[in-house]
Amino acid sequence: MEKNRTSLDSIKILNRRSFIVAFFGLIFSIIIGIRLFSLQIINSSFYKKKSADNKISIKITPPLRGDIYDSKNNLLAGNASLYEFVIFKNLNKHYLDEIKLINEKLNLNLDLEYHKPRLNKFNSYTPYSLLRASWDQLVEFEKNKFLFTAIKIIESKKRFYAHKNMSQIIGYMGMPENNDELYPQGVFHLEKTYEEQLKGEPGKIFNEVNSKGKIVREVSIQNPIKGDDLKLTVNLELQNFVQSILPSDKKGSAVILNRFDGSILSMNSNPTFDSQVFEDRDNANISSLLNDKNRPLFNRAFSGFYPPGSVFKPLPALLGLQKNLVNETTEVFCKGHSSLSDRNYYCWKKGGHGKVNLKRAIKESCDVYFYELAKKCNIDDLSELATNLGLNQSYDIGLSNIDKGLVPNKKWKKAFLDQGWYTGETLITFIGQGYNLTSPLQLAVLYSAIINGGIYPLPKINMNFPTKYQGKEFNNAHKSILMSSLNSVVQESRGTANRLNSLNPNYVKIGGKTGTSQVIRIKESEREDDAYKDKKIEDRFIDHSVFVGYAPYDNPKYIAAVIIENGGSGSAVAAPLAHEILNYAYKINV
Amino acid sequence: MFKSIKSLLDLNWIYFFIILVIFWIGEINLYSAANGSLDPWASSQLKRFIFFLPVFLFVLLLQPKFIYNFSEVILISVILGLVITLIFGYTGMGATRWIRVGNFNLQVSEFAKIALVIFMAKYFHKLNAEKTIGFFRSLIPLIISLFIFILVAIQPDLGTALIILSLGLLAIFYAGIKLIYPLIAIGAVIASSPFLWTLLKPYQQNRVKIFLNPDLDPLGKGYHIIQSKIAIGSGGLNGNGFLEGSQSSLDFIPEKETDFVFSIFSEQFGFIGSILIISLFLLFFLIPVFKTFKLSQVFNKIILFTLSFKIFFEFLINISMTIGLVPVVGVALPFMSFGGSSLLSNMIICALLMNFMAVEEKKRMFG
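First to last, the sequence lines map onto chains H and A.
Position 429 of the first sequence, counting from 1, maps to 428 under numbering that gives the first Met the number 0, and the rest follow consecutively.
Position 195 of the second sequence, counting from 1, maps to 194 under numbering that gives the first Met the number 0, and the rest follow consecutively.
No wet-lab data here; the hints were simulated from the structure.
Please note that the accuracy of each hint is not assured.
The calculated DMTMM-like cross-link candidates involving lysine to aspartate or glutamate, where the alpha carbons are at most 20 angstroms apart (straight line), are [unchecked claim]:
(1) 151/H with 110/H
(2) 5/A with 360/A
(3) 120/H with 216/A
(4) 48/H with 243/A
(5) 49/H with 207/H
(6) 211/H with 250/A
(7) 49/H with 216/A
(8) 48/H with 214/A
(9) 120/H with 110/H
(10) 125/A with 8/H
(11) 2/A with 359/A
(12) 48/H with 360/A
(13) 156/H with 281/H
(14) 211/H with 256/A
(15) 46/A with 256/A
Far from chain H, by Cβ distances over 10 angstroms, these chain A residues were calculated [to be verified]:
(16) 20
(17) 79
(18) 142
(19) 208
(20) 347
For every residue, glycine included, the Cβ atom is placed at its ideal position computed from N, Cα and C.
With the rest of the complex left out, here is chain H (with noise of 0.2 angstroms):
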């Protein structure tokens, strides 16, 4: 039972009560001043901050893209105007039915349930792309202009690429693989090599947007800078020249270098692509270039290795002037094949060509000298010498997938092979073939070495790059030696390439030498046989063409590698082509 109290005590009662509500009032109060104290006195920096990136957003505006130009100023890269459909979506609540329409009104057909998830997420203030627009779809739409509300059109800037025949060269833009950039780069060869050159620096527009991400105002503005042009060795002319004379059938590539610098005068590769079908975002045209088993990406220039055959051959004729193992005047007879233990080494000529020395051995292309010159050699001497006049590495001149090539030796068999050398190896890697692997450039820089007497420029496509020099200085009178048998290839009668002459005899006199590079080993014996001649063999297992040449022959300065894919002998296909070129390019002086 409860007791009585007075009223004094039951006041006092809820006195007491009151002092101890107020009291956790206060505490309350007191806890709500301390986090206030944290908020806005010792964290005030750090939510300032998140108040700022709240309120402002950086727009990127993309910068020009640097040019690239030939040698002689031609735009071989720029930039275009492009105009994009684009939807905001605050301007029209019913922006998906404008999808309809201007699909309706201009014939396109824009897939509604790929865009429609996209656009859910998608920022309303913030132009969402939704095409390219070509010409035909801008008047269009300019005459339908009045239907639309949430659709207009943007323009921006993309790649324009200015002449097909550069695009194995200059290679292309796309985007990048990681999400941080937010506009296209160079992806393949020079676009990508000199990305950090040709990009240039962005803009920002800083603006202050709501919360809904409509912008407010403009806080202010950093203009794009833009890009470094490029300019490359390579002459345009001469390179639509050695593209519209390439047979256009066949696979093959040519490469034109000026023996003084190292520049890169014009590098062609068939079948060949266009770079702007990159940046127009041509699917269709983009995945046949991929699928088509011709290749056209690759650049067989630089990217193809074959056996260089014949061409070969003052590579191992130097070895042996150093050696000392033949001179001017060493003969040796050739009687159409050399015997190594119990097997035939076969010259091509069935009958052997008599007597010969080096210079008959290379004007002739007469292959039992060099087995019978092998025998007394060490591979690995001829692979050492064959890297310090350019083979066996690959030139940093910013192009994509340009790999070594190989000049084999005992070393790289064992390791890749884990088999020892045989000295039939060395016999066939003598003239050229067997494990033998070289592109159009590297030979071209060969025979750059051997006519700059073994200190020779590297090869360079940039024309701002300053030309660099290595290699290994040889003997001058081996180089004459040398020299007189490639001139006499061509210059002298019986020289496997010397019906150039009567060919077009107004053009330029060159030197050079043959080659023909096999693509499946067939029996020696039957090399030259008449009933392999006569056999109708399929095209992709005949011979590939390859012919080296300079010019003038009296003072080189142009040094041409032609090479024909399964285009037969070299003194048929590729070599009047070579002299085609390198006339070409004597004549216009580049």
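Given chain H, put chain A in place with the hints provided.
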């Protein structure tokens, strides 16, 4: 029924001045919430204030005795109003909280707070002050509080319902219930909290979870708290200045004219402004509390203490919401949040407070 007009002179007009200052700060704040425009909130709130002044005056002049006599009538009308709300109420934002009276949408639950307090004051007054209040004597007020709590909670309006329940419990506590019972009750609530948790609607559970960790849902429910804290924190010591709050002007603060008015105030006026507001509300609470010490009539004491605490408590809960101390439960900031019912009920409370502060107790006034 009415006191003489002359009695107005005896009122504590300084107290009224404090209310005016708070209201005026609220007006300035609503003006800035609309980015420096009287529309849509500031002017409309001011019109309401002026429109409600006759009601204010009416309550000011009522005889305390009259209020005492009619306390049950008031309570029953309010409960009826709540039932009508549930049946005929106007539904908005997923809740049925309003009934249409003329041009107003009236939120009866706001007035239930006052009615409950008046009823409790009379109940405990009648219950001979000499009697200790034990379990059985607190049962009726407790049941009535819970009943009103449920009527409001199923609207649903958990925030208001919790305030009503708190006021009921506070009145019982203040009236002098033996301390053992509140302690048992607190223990029981803690013990049954897992069960209570399951009673909450999923969205309410979410609110509590997100309150505990706003980053769970930074773009959804947690967005309110995160953006509000950014606004307040970025205010710093002095604030960003009048109309210079970007969180407010760029619409990063949701419900900035109602639940989050304090955020935009604090963004503009900083720590100093916040402390000023806290001081004003503290003063508002403590002046009637000091008066209660001079009074001996339980009816007067409970009315003064509980009603002044009501406004102070709503203030504390609202600010705590904006700085992430309590979950977002939808409690308005008295005199500063935009809203008619809450303004009217708070003006009535102020009139009652001023009326009862002027009471001169000479003899037992009631019963």
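Status of each hint after checking the structure:
{"no.": "1", "hint": "151/H with 110/H", "verdict": "holds, 18 angstroms"}
{"no.": "2", "hint": "5/A with 360/A", "verdict": "holds, 18 angstroms"}
{"no.": "3", "hint": "120/H with 216/A", "verdict": "holds, 17 angstroms"}
{"no.": "4", "hint": "48/H with 243/A", "verdict": "holds, 15 angstroms"}
{"no.": "5", "hint": "49/H with 207/H", "verdict": "holds, 14 angstroms"}
{"no.": "6", "hint": "211/H with 250/A", "verdict": "holds, 8 angstroms"}
{"no.": "7", "hint": "49/H with 216/A", "verdict": "holds, 17 angstroms"}
{"no.": "8", "hint": "48/H with 214/A", "verdict": "holds, 18 angstroms"}
{"no.": "9", "hint": "120/H with 110/H", "verdict": "holds, 17 angstroms"}
{"no.": "10", "hint": "125/A with 8/H", "verdict": "holds, 17 angstroms"}
{"no.": "11", "hint": "2/A with 359/A", "verdict": "holds, 13 angstroms"}
{"no.": "12", "hint": "48/H with 360/A", "verdict": "violated, 58 angstroms"}
{"no.": "13", "hint": "156/H with 281/H", "verdict": "holds, 17 angstroms"}
{"no.": "14", "hint": "211/H with 256/A", "verdict": "holds, 18 angstroms"}
{"no.": "15", "hint": "46/A with 256/A", "verdict": "holds, 16 angstroms"}
{"no.": "16", "hint": "20", "verdict": "holds, 18 angstroms"}
{"no.": "17", "hint": "79", "verdict": "holds, 31 angstroms"}
{"no.": "18", "hint": "142", "verdict": "holds, 19 angstroms"}
{"no.": "19", "hint": "208", "verdict": "holds, 20 angstroms"}
{"no.": "20", "hint": "347", "verdict": "holds, 22 angstroms"}
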